[in-house]
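Could you slot chains S and Y onto chain F? The hints should help.
Residue numbers (numbering that gives the first Met the number 0), protein chains in the order written: chain F, 0 to 763; chain S, 0 to 88; chain Y, 0 to 160.
In short, the hints are calculated from the structure, not lab data.
The structure presented is a predicted model; accordingly, all values stated were derived computationally and were not measured.
We put the CB at the ideal spot given by N, CA and C, even for glycine.
Treat the hints with care, as some may be off.
[Unchecked claim] Derived BS3-like pairs: lysine-lysine, alpha-carbon spacing no greater than 25 Å straight-line:
id, chain 1, residue 1, chain 2, residue 2
1, F, Lys165, F, Lys191
2, S, Lys51, F, Lys165
3, F, Lys556, F, Lys202
4, S, Lys72, F, Lys171
5, S, Lys41, F, Lys182
6, F, Lys747, F, Lys445
7, S, Lys11, F, Lys439
8, S, Lys41, F, Lys421
9, F, Lys165, S, Lys11
10, F, Lys31, F, Lys57
11, F, Lys182, S, Lys11
12, F, Lys394, F, Lys202
13, Y, Lys158, F, Lys63
[Said to hold, decoys possible] So these bits of chain F aren't anywhere near chain S, every CB distance computed over 12 Å:
id, residue
14, Ile86
15, Glu148
16, Glu166
17, Gln192
18, Pro338
19, Val575
20, Lys581
21, Arg603
[What the hints assert, rightly or not] Beta-carbon label-pair distances, calculated as ranges:
id, chain 1, residue 1, chain 2, residue 2, range
22, F, Glu621, S, Asp59, 49 to 59 Å
23, Y, Arg57, F, His225, 33 to 43 Å
24, F, Gln172, S, Glu47, 24 to 34 Å
25, F, Arg507, Y, Glu16, 19 to 29 Å
26, S, Gln36, F, Asn604, 21 to 31 Å
27, S, Glu47, F, Glu135, 39 to 49 Å
28, F, Arg567, S, Asp59, 32 to 42 Å
29, Y, Arg57, F, Gly743, 30 to 40 Å
30, S, Glu47, F, His225, 29 to 39 Å
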Amino acid sequence: MAATTEGTHQFRVIGTRPIRHDGIEKVTGAAKYGADYSFPGMLYGKVLRSPHAHAIIKSIKTDKARALPGVKAVVTSADLPELADQIAQGGELPINVHHLSCNILARGKVLYDGHAVAAVAATSPHIAEEALRLIEVEYEVLPPAMTVEDAMAPGAPILLADLRNKEDGPDKQTNVAAHIQFKRGDVKEGFKQADFVIERTFKTAMVHQGYIEPHNAVGIYNSDGHATIYCSTQGSFVVRSLSAAVLGIPEGKIRVVPAEIGGGFGGKTTIYLEPLSVLLSQKTGHPVKLTMNRAEVLRASGPTSGGTIRCKMGATKDGKIVAAEIWMAYEAGGFPGSPVPMGAMCIVAAYNIPNLHIDAYDVVVNRPKTAAYRAPGAANAAFASETIIDELAEKCGIDQCDIRILNGAHEGTPQTAGPPYKRIGMIETVEAIKNSPHYKSKLEGKNRGRGVATGFWFNVGFQSSAMVNIHSDGTASVVIGSVDIGGQRASMAMVAAEVLGLDAGDVRPLVADTDSVGYNDVTGGSRTTVATGLAVYEAAQDAVRQLKERAAKLWEKKPEEIEFNNGRLSAAGNGVKPMSIKEIAPRFARTGGPITGRAQVNVRNVGPGFASTCIDVEVDPETGKVQILRATIAQDAGKAVHPAYVEGQMQGGTAQGIGWALNEEYFYDAKGILRNAGLLDYRMPTCLDLPMIETCIVEVPAPGHPIGSRGVGEASIVPPPAAVANAIAHAVGVRMTELPMSPGRVLKAILHKQGAAQAAAAAD
Amino acid sequence: MPTVIVPALLRKLTNGQERVAVRGSTVRQVVEDLDRQFPGMKAQLVEEGELKPGIAVSVDGEMGVGGLLDPVKETSEVYFLPAIGGGLQ
Amino acid sequence: MDKKTVVETTINGEQIEFLCEPRQSLLEVLRDELGMTGSKEGCLTGDCGACTVIIDGRATCSCLMLGVEAQGHKIETIEGLANGAQLHPLQQKFLENASLQCGICTPGILMSAKALLDHNPTPSEAEIRYALAGNLCRCTGYDKIVRGVLDAAKAVASKAA
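Same shape as in the complex, but just chain F:
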């Protein structure tokens, strides 16, 4: 189902569904992911990890490990340069390289269960593992601070001795790394106008991206000081710059070759093993491969924050939301940098609320340093705000969709941080849900309920480079530096084919290494189709400009007299026989040489993305288990380049959001040890847990983009936790305020409600 609202431009290739160019390798097992690389003489590396949540490292003895036959090197943080606080800009949020280095190998202190302490290279992975058991680390164990409440309490254990914040001043040690505030209007006055005010406190659990491929890296250090890293990453250029910083090697001496990547969802936008592979290679003179196992991925990569959100909203009786007051604190992990600024800017971004006050806190806790996860910070935030909005709709007696349409943000509505939106499709996505066969269907049966929620993600642009080569047979190749994580090669080839008048199959896309193409920011922020797509579009236009020059030469005309339409060059006048690219391509040599179109962009404006989701559930009142009966998502793609992969993003984000809603959580014991570091106990949705996921691509073209595309990678994960919570409320009458809404929690809420009802009955 597609709801095209403003399709003006007709495309020939864009909007079709060709088979992806890299598909054949992926269905035959030939595609090479990072862990699939092997080199002659290659050694295997393993990482020793902290068994404590919070401890001082008193000493590390490695002699026994070094003495084990087959062990070639053991490294600790003493082998890395000690870095000052310094901010690296990788086109990402700023990263403090001192903290990054301390996360890669702990320096003086471990800050979470699983924190890397030492690394070994040996002739087999089994020997490397044996060697880890021979490394002797003496710890002084400290009490951990596991939650934002623990860490913000007076007298809390301090994680980072040097951490200060502006408000508490330079003399006070703290775990609060940052406070961010947004204010608009006057919330006190706003709440005075409200007929209904709802206030609740929500808690959400730390969750993991859950990519199926663990982190990996193969490092090869040459004696001339150059290094090559093969790894599965969302950003080869970011791996280059961050590894250079951590290793103290000039950036230009590192080449990063992006392997195929087995999922990332934000979790592969930073580095863990990459510098270790180079360091161990430097120590041993051999290529070194490191891979994490699943427990390491869960314990020590970068999940996303859990935290606490207090949300108070007021509405007039006709459903107009007049004020919102929000306090939120997110777990950053062992080092500062949770996505709480984004959470704060997303939490009510879908609505036009005149009076607003948001306080947001970034808090370090004894958990792994969080990394990005699909619309970072937004899904937990929306769980709070979208639940409250549902309750306000109930109080006002208004339909779930209608309250969102009534208050929905549109062109001119101020964003949370102030600037007004340009043309956006928030209301269109809700209307698409309202008009969907799903929402129009009647939900019957006991303990069943239907919930709706809306989600927002900014989408970003940033830097991309691309080249388009025209081959002598008239086909083309597109060279990009943006890693392909879910079909971008197909989309980029389609964009070039559209401009060049070729078929998608005549354009071969290639993801190049960091020496072979200009700089690209990471594949993330839902930026690739939009920003790299723009670079490809402009590179193809550059190639067209050159094609016109060549035709002008052949026809003895001026370039501006040459027309290019649907892959054919022509000009007015006698004696000019129009030519296809295929016909002119053999004449490149005589007219000036090969044709390569190039473009580099730093994209300023991108269209924000909205998604609205409708979910039906059935709750088993005996066990508290929630079954998803039906799910529909409507998302604004601006213009879908390859609709099948846009649907894939919508469905995949919905599935992750459902997992976040129902089952997924980091479960730490009282000592701060992760007790579910495996995929049996960290329960992600399986095939059996989900129905088909119905999609409706809404297309409100993004202003200023030649194709009109908006990023589609992220907004889809935002609505499901709230949509499921709202569905549960309508099914069994309990408001869930804690994620995940696992059977135990739902059952407890049901029993609590029954108990209250019985107590009330007994009192009567």
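For chains S and Y alone, kept in the frame of chain F given last:
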């Protein structure tokens, strides 16, 4: 004159004032003038000649990519806001 | 470290002998000793299914089986799913239905699906979901995977008819 919309937590430096009229045709000049009117503002926004890491600037609803170099018109509205990662996401 | 053992197997129709340590899993042997990296490691605990191969007709996590246990057994891996240049209908329909995004789970899912279709050429959606419940995919939400298998079953049936 261009208008700067002061971030909530910096309004303590502007006596609570949310909107400040400033002179300047680039973000750099705007920040200088803001600091002249309300000393201390520049230190909150600029570090080593660049916008501080983690801060982005929006001029007339367009996210700048040039930082302090971005042009500002006489009628512009200039917002300073938390940077959204290019990629952290 | 115990001595290496010679193991005789049939892999994708070829008789293959390999040497392995008793502690090496079949997955490790396939990937590191035989260079067949199409089977993927996602967890090493049998929870994700990315390493699924077919042993004597039955879908099996190769990470949960030792290399030495393969002695005398017939193993099918993703590398043998296509018949030369001719894709298996499952592979073709996965491409047509956009049933993969990052592709890391795809080899395991294709092998589980092949084991299903070999036994039950006309599975229902519920039967497909049951058969694939041991294969985690984090990208697709499974929708297009299930459609791909349904489509492949149709293609196999029409070929057989």
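Structure-based check of all given hints:
1. F:Lys165 <-> F:Lys191: Not satisfied, since the Cα-Cα distance of roughly 33 Å exceeds 25 Å.
2. S:Lys51 <-> F:Lys165: holds, 14 Å
3. F:Lys556 <-> F:Lys202: Given that 25 Å is the threshold and the Cα spacing comes to 70 Å, the pair is violated.
4. S:Lys72 <-> F:Lys171: The given pair, whose Cα atoms are some 42 Å apart, is violated under the 25 Å limit.
5. S:Lys41 <-> F:Lys182: holds, 21 Å
6. F:Lys747 <-> F:Lys445: holds, 19 Å
7. S:Lys11 <-> F:Lys439: Judged against 25 Å, a Cα distance of about 51 Å means the pair is violated.
8. S:Lys41 <-> F:Lys421: violated, 29 Å
9. F:Lys165 <-> S:Lys11: It holds: about 13 Å lies between the C-alpha atoms, which stays within 25 Å.
10. F:Lys31 <-> F:Lys57: Cα-Cα ~42 Å, so violated.
11. F:Lys182 <-> S:Lys11: With Cα atoms ~13 Å apart, lysine 182 of chain F and lysine 11 of chain S stay inside 25 Å; holds.
12. F:Lys394 <-> F:Lys202: Within the cut-off at roughly 23 Å; holds.
13. Y:Lys158 <-> F:Lys63: Between lysine 158 of chain Y and lysine 63 of chain F the Cα gap is close to 63 Å, so the pair fails against 25 Å, i.e. violated.
14. Ile86: Since the minimum Cβ distance to chain S is about 4 Å, isoleucine 86 of chain F lies within 12 Å and the statement is violated.
15. Glu148: The assertion about glutamate 148 of chain F holds, with a minimum of 23 Å to chain S.
16. Glu166: Answer for glutamate 166 of chain F: violated, closest chain S Cβ roughly 9 Å.
17. Gln192: holds, 21 Å
18. Pro338: violated, 8 Å
19. Val575: Non-interface label on valine 575 of chain F holds, nearest chain S Cβ at 42 Å vs cutoff 12 Å.
20. Lys581: Correct as stated: the minimum Cβ-Cβ distance to chain S is 38 Å, above 12 Å.
21. Arg603: It is violated; arginine 603 of chain F is separated from chain S by about 5 Å at its closest Cβ, not greater than 12 Å.
22. F:Glu621 <-> S:Asp59: 49 to 59 Å: holds, 58 Å
23. Y:Arg57 <-> F:His225: 33 to 43 Å: At 48 Å between Cβs, range violated.
24. F:Gln172 <-> S:Glu47: 24 to 34 Å: holds, 26 Å
25. F:Arg507 <-> Y:Glu16: 19 to 29 Å: violated, 39 Å
26. S:Gln36 <-> F:Asn604: 21 to 31 Å: holds, 30 Å
27. S:Glu47 <-> F:Glu135: 39 to 49 Å: holds, 43 Å
28. F:Arg567 <-> S:Asp59: 32 to 42 Å: holds, 41 Å
29. Y:Arg57 <-> F:Gly743: 30 to 40 Å: holds, 35 Å
30. S:Glu47 <-> F:His225: 29 to 39 Å: holds, 30 Å
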